[in-house]
Amino acid sequence: MSSLSNSRLNKLELVAAKIRRNVLDICMQRGGYAGQGVALADIAACLYFDEMREDGKGWFYDRFVLSNGHDAIMTYGALAEHGSYDIADLRSYNEDGTKIDQSPIEGQLGFEITAGSLGQGPSQSAGIAWGERMKGNDKRIYCLFSDGELQEGNVWEAAMFAAHQKLSNLVFIIDNNDLQATSRTQDVLGVEPVPEKFDAFGCFARRVNGNSIPDILDAFAEAKTITDRPYVMVCDTKIFEGIDCLKAALPAAHYVAKQQADWEAGLAEINQKIASLEGASDG
Amino acid sequence: MLLDGPAIIEPAPFDDISYDLCQRRKDVVIMSADLSKYCQIIKVKNELPNQHLDVGMAEQNLISVAAGVAKAGFVPIATTFACYATRRAYDQMMICMGTGPLTSIVIGFTPGIANPARIHHQAAEDLGMIRAIPDTTVIDPMDATEFQQALNVAVDTPGLVYVRGHRGNTPRLLDGASYNFELGKTYQLVKGENIGVIATGHATQWALEASEILTQKGVSHSLLHVPTIKPVNEQEIADFCFAHKSVITVENHQIVTGLGSLVSEIVCDSGGGPKITRIGVPNQWAPGGTLPYIREQLGLDAATLANRIEGAA
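In order, the protein sequence lines correspond to chains A and B.
1 is the number of the first residue of the first sequence in this note's numbering; add one for each residue after it.
1 is the number of the first residue of the second sequence in this note's numbering; add one for each residue after it.
These aren't lab readings, by the way, just hints derived from the structure by calculation.
Wrong hints could be hidden among the right ones.
Label-pair distances were calculated between CB atoms; the ranges are [what the hints assert, rightly or not]: (1) Lys224(A) to Val256(B): 53 to 63 Å; (2) Ala117(B) to Ala248(A): 52 to 62 Å; (3) Thr98(A) to Val256(B): 31 to 41 Å; (4) Trp59(A) to Asp4(B): 55 to 65 Å; (5) Val256(B) to Lys258(A): 38 to 48 Å; (6) Lys26(B) to Gly58(A): 23 to 33 Å.
Calculated pairs, EDC-like style, for lysine to aspartate or glutamate (alpha carbon to alpha carbon, straight line, at most 20 Å) [as the list claims (entries may be wrong)]: (7) Lys166(A) to Asp175(B); (8) Lys135(A) to Asp16(B); (9) Lys258(A) to Glu95(A).
Beta carbons: idealized from backbone N, C-alpha and C, even for Gly.
Working from the sequences, and respecting the hints, build out all of it.
So, in structure tokens, the structure goes:
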């Protein structure tokens, strides 16, 4: 962690803040999964702007698989910052007739699989990892899924398979926010201890503060040193982490309707943060 | 089109088919959920291990890993019994394979009543389930020749392709030199008048047996083989139906949602048309046992089938 330069950290903190702003900008139009998008901004900043290698053609050499469709808002927020999406187009998210699906279908830019039916990303990313390795490519495959998805058996079939095949080019990123559709995960059907479970399935798992950029980068770096099994980042996150006023107002919001949040207050807070970070980087 | 003389019996058709295909197409991966031996995948597993991938006894994993393998640039052929592919992993077939353009093949072995273990190992509803998915391809080949040719087409067909498999002693009825499988095409195997029989898959074998009896009895009839359940050539099927006074469908599948339903839908959409009698597995649990026994119990043995066809006219 000592190798993390200030400029690298500042850059990623600024990108994360801008992703948070993009998430609010998109969700304030008609509602959306804003709490997850905001909470995942640090992971997205590290993933898209530091970890995944670019292909030299404006896209990424490494591959990202989103398993839980509703976290598409994270990808939209990040790819708007990347320049792959226009924020004006993204504002049609959740609008009748839009091409910006709330939970996208395979083939849409940034989305390798149809991700709305939960628990199917890990196996598909394992299949991609197996295939890329078979082709002799050194591509790394990242799959994001949620703690709620751990209740789906297909996820554990994938973990067994990925470990058996020693898919060290595969990184599972779990958004461990203790929240699922109707309640807290621990109240619906507890999934902890998550790292120990993946370890028992033959993976290399580690608990990560999903809102700490240094911690996330450290895990990504460690993942590359594990050469005989898939790596699992169990990222503890909190809904709306990074925007205090919304986190306090809506600490357990699976979905936020347009009228439920004080979007303007949230935007003001994150814009202030962006200005502060830009000032810091200028200095 | 049909070979003369007694049928040649292939004891393990998919072993050769899969091996030949993998030797010609290095991008093909034969996948299994711990049933390679029971789908007769021996040579690929032993001699071409890089083109064989077993995911363990986990059909949802089989289909979703296969969808990922396709996304890495390969052509996966996921093999298991039809009951498991469709009933245990239907959502994965629809969502992981069915919503994108990449070729992803699933072979459902021992379909319909072609499995001795009743109910749980039989799949008399797979054709109906898969043909309900938009933009899919569904093929029910009648013999070893067509099984091979259908797979040769499948590996170059975009999207989800579901093929019913044959294992064990399988007749070779079609002459590979003169027969050419084309997606969506129908094949008239017998030409006659009044009675029009339409069959697919294993049931085309049964219909040919019944046809022989009807011919011996001097009962004129036609037999149309429909290997592609989706996409179908509706015009060819409608033309065949309207050219006969009575139509009888025969299928190794429930009479609900399968070939009989498909033909009925086509005729219904045309308006008017002949009476259609659907013969197959009734909408009730089929018995277990040997295939001849199950066929006899369901009135699908050659003699009973011939009588039913003649009686329905």
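- Message: When the structure is checked against the list of hints, which entries are broken? Sort them ascending.
- Response: Violated hints: 7, 8; rest satisfied.
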